[in-house]
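Asker: Sequence:
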Amino acid sequence: MKELQHLNKYFLKYKKQLLIGTVITIIARIFLLFTPRYVREIFVVIEKYLKGGVSEQVVKAELTEVIIYIIAAALIAAIFTFFMRQYIINVSRYVEFDLKNEIYIQYQKLSLNFYKKNRTGDLMNRISEDVGNVRMYAGPAIMYSINTITLFIIALIYMFNEAPKLALYTVLPLPVLSIVIYKLSKEIHHRSTIVQQFLSKLSTYTQESFSGISVIKAYGIEPQTSASFKDLAAESKGKQIKLAKVQAWFFPMMILLIGTSNLLVIYVGGMQYINGEIESLGTIAEFIIYVNMLTWPVATVGWVTSIVQQAEASQKRINEFLKLEPEITNTVEAHTKITGDIVFNNVTFTYDDTNIQALNGVSFNIKQGETLAVLGKTGSGKSTILDLIGRLYDIDGGSILINDIPIKDHNLTDLRKSIGYVPQDAFLFSDTIKNNIKFGNQEATDDEVIEAAKNAQVHKNIIKFNNGYDTILGERGITLSGGQKQRVSIARAIIKAPEILLFDDCLSAVDTETEEKILKNLTKITKGKTSIIVGHRVSSAKNAHKIIVLDNGKIVQEGTHETLINVKGYYQHLYLKQLSEASSNKD
Numbered sequence: 001m002k003e004l005q006h007l008n009k010y011f012l013k014y015k016k017q018l019l020i021g022t023v024i025t026i027i028a029r030i031f032l033l034f035t036p037r038y039v040r041e042i043f044v045v046i047e048k049y050l051k052g053g054v055s056e057q058v059v060k061a062e063l064t065e066v067i068i069y070i071i072a073a074a075l076i077a078a079i080f081t082f083f084m085r086q087y088i089i090n091v092s093r094y095v096e097f098d099l100k101n102e103i104y105i106q107y108q109k110l111s112l113n114f115y116k117k118n119r120t121g122d123l124m125n126r127i128s129e130d131v132g133n134v135r136m137y138a139g140p141a142i143m144y145s146i147n148t149i150t151l152f153i154i155a156l157i158y159m160f161n162e163a164p165k166l167a168l169y170t171v172l173p174l175p176v177l178s179i180v181i182y183k184l185s186k187e188i189h190h191r192s193t194i195v196q197q198f199l200s201k202l203s204t205y206t207q208e209s210f211s212g213i214s215v216i217k218a219y220g221i222e223p224q225t226s227a228s229f230k231d232l233a234a235e236s237k238g239k240q241i242k243l244a245k246v247q248a249w250f251f252p253m254m255i256l257l258i259g260t261s262n263l264l265v266i267y268v269g270g271m272q273y274i275n276g277e278i279e280s281l282g283t284i285a286e287f288i289i290y291v292n293m294l295t296w297p298v299a300t301v302g303w304v305t306s307i308v309q310q311a312e313a314s315q316k317r318i319n320e321f322l323k324l325e326p327e328i329t330n331t332v333e334a335h336t337k338i339t340g341d342i343v344f345n346n347v348t349f350t351y352d353d354t355n356i357q358a359l360n361g362v363s364f365n366i367k368q369g370e371t372l373a374v375l376g377k378t379g380s381g382k383s384t385i386l387d388l389i390g391r392l393y394d395i396d397g398g399s400i401l402i403n404d405i406p407i408k409d410h411n412l413t414d415l416r417k418s419i420g421y422v423p424q425d426a427f428l429f430s431d432t433i434k435n436n437i438k439f440g441n442q443e444a445t446d447d448e449v450i451e452a453a454k455n456a457q458v459h460k461n462i463i464k465f466n467n468g469y470d471t472i473l474g475e476r477g478i479t480l481s482g483g484q485k486q487r488v489s490i491a492r493a494i495i496k497a498p499e500i501l502l503f504d505d506c507l508s509a510v511d512t513e514t515e516e517k518i519l520k521n522l523t524k525i526t527k528g529k530t531s532i533i534v535g536h537r538v539s540s541a542k543n544a545h546k547i548i549v550l551d552n553g554k555i556v557q558e559g560t561h562e563t564l565i566n567v568k569g570y571y572q573h574l575y576l577k578q579l580s581e582a583s584s585n586k587d
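Quick note on our numbering: the sequence shown kicks off at 1 and runs consecutively.
Just to be clear, a hint being listed does not mean it is correct.
The calculated lysine to aspartate or glutamate pairs, modelled on EDC-like cross-linking and capped at a C-alpha distance of 16 Å, are [said to hold, decoys possible]: (1) K100 x E129; (2) K116 x E208; (3) K460 x D447.
Quick list of the computed label-pair ranges, beta carbon to beta carbon [as the list claims (entries may be wrong)]: (4) I79 x K9: 27 to 35 Å; (5) I79 x G52: 39 to 47 Å; (6) Q578 x T348: 29 to 37 Å; (7) K117 x N330: 55 to 63 Å; (8) E327 x K230: 32 to 40 Å.
I should point out that these hints are in silico values taken from the structure, not numbers from a laboratory. Glycine residues also receive a C-beta, built at the ideal position from the N, C-alpha and C atoms.
Work out the full structure: start from the sequences and follow the hints.
Answerer: Structure follows, in structure tokens:
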């Protein structure tokens, strides 16, 4: 139960509803327990009549009165039971809502390293399946626990007041039941944890398969993928069956013990009636009803125990992520104006997940309104520079200054609001094209959306779609081509009108003519703003105020286009190579 203590704050939040639900539950059980006592009265009245103690008319009147009481008690119990569910079960839905929000907010706070180490399917499973298990604990488990405890206490008080010896024999099997539940609960907890882990594996595999369906189809590996899924599903099924086998012991044990109690009531009660220790057969009938009324609560003890064990296993998995402290935190509350002066001073950075040193002693500076182009081979550290400016990671050594202030001393929200970022892998959401562009500025007008699309050279493509800017994109923007996705991503960044624009090889999927038009528009848009363009083409770098060339995380060349094309090295080689390719294409 230690892991489930995390939910106490929610129970305190909804304590009023839980308290009302508890009171209603107690009232409902009290009225429900009137029935056995009235049934006993029926036997008493009939026995009096058989002994000649009362007339037929009196018997009919008394029986009618008792039946009316039974119906009234049942109706009142039913009404209160309805409101009991309304209060307590609703609380479980509130807790589910709050917990999902808490998890989602925590997911957003965690750094990119977290997402590199954890799979999407597992994250989804914890916020769906695991939270669902916890909801069952926060609602049905609590409701039936209150119901069972109330019923037991009141029923036992009635039973011991009526016939202590008979009551003692009736509850004799209960200690055996407690021992059985304790033993089975430990095994259920262990197997529930394993089941949830395999559900995460299954969710992860299916999520990756659906996301990469185009690759699966292109390589024709549907049979292999299906076979792998079948094997994983079979293994998960095996774990589920093992859990079900343990859980299956509960109800047979309940039925056996309840049946034993009924036999004891009939035998012991019958002997007591014969010996004159109890006055009426109605007492035996009353006790049989009590025992059968306790059948479901006793049965739910096992079910509730199973729910609690599964919920604890799920909450433990949830707590693993909730307890993680975000690596990147906002340490400054004060707001500062960010204009775009950027200084890298001997910056060193190594990725935790791969232990690869991406940058080693990198130093450069950019003034507000300047453009920096970063070139280099794949894996040289180009994209890392952009990630560090957005403070998606914190550096290992050196310093990064923005407006002559260390990057950590800037309000994180202000910093990221001042940046327009176009990633290398353009990610678009399953929404309209308009909303994907407005993601950069939610308050943007339709005219501003169109202007941004025109500057990104994608407007003509968009208006050709049947629904134009209202076209709904598929997952990750699969509806669009690679070049179109990149250009929509560029429009999303520039509509934000940020002080700093970061372009991470975002023109690789467009032809040189379109690239030239986009760069011409960007020159106009980025006037007075700081821009960093990462790329593999000289065409995207030639108009930059500064150019740096990276190799293995170090700056190996630095200068302007005019100076670097006259110096032997990577930039000159790239320039001549692309110049030759351009000439060949013209021919």
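Asker: Would you mind marking each hint as holding or not holding in the structure?
Answerer: Comparing the hints with the structure gives:
1. Among the hinted pairs, K100 with E129 is consistent with the structure: their alpha-carbon atoms are about 11 Å apart, no more than 16 Å.
2. Under the criterion of a C-alpha separation no larger than 16 Å, the hint pairing K116 with E208 is consistent with the structure, at around 14 Å.
3. Restraint check: the Cα-Cα separation between K460 and D447 comes to about 15 Å, which is no more than 16 Å; the hinted pair holds.
4. About 32 Å separates the C-beta atoms of I79 and K9, a value consistent with the hinted range of 27 to 35 Å.
5. Separation of I79 from G52 is about 41 Å and conforms to the stated range, judged on CB atoms against 39 to 47 Å.
6. Judged by the Cβ atoms, the range 29 to 37 Å given for Q578 and T348 holds: they are separated by roughly 32 Å.
7. K117 and N330 have their C-beta atoms about 22 Å apart, which leaves the hinted 55 to 63 Å range violated.
8. Taking the beta carbon of each, E327 and K230 are about 39 Å apart, inside 32 to 40 Å as hinted.
The earlier numbered hint that this structure contradicts is number 7, and it is the only one.
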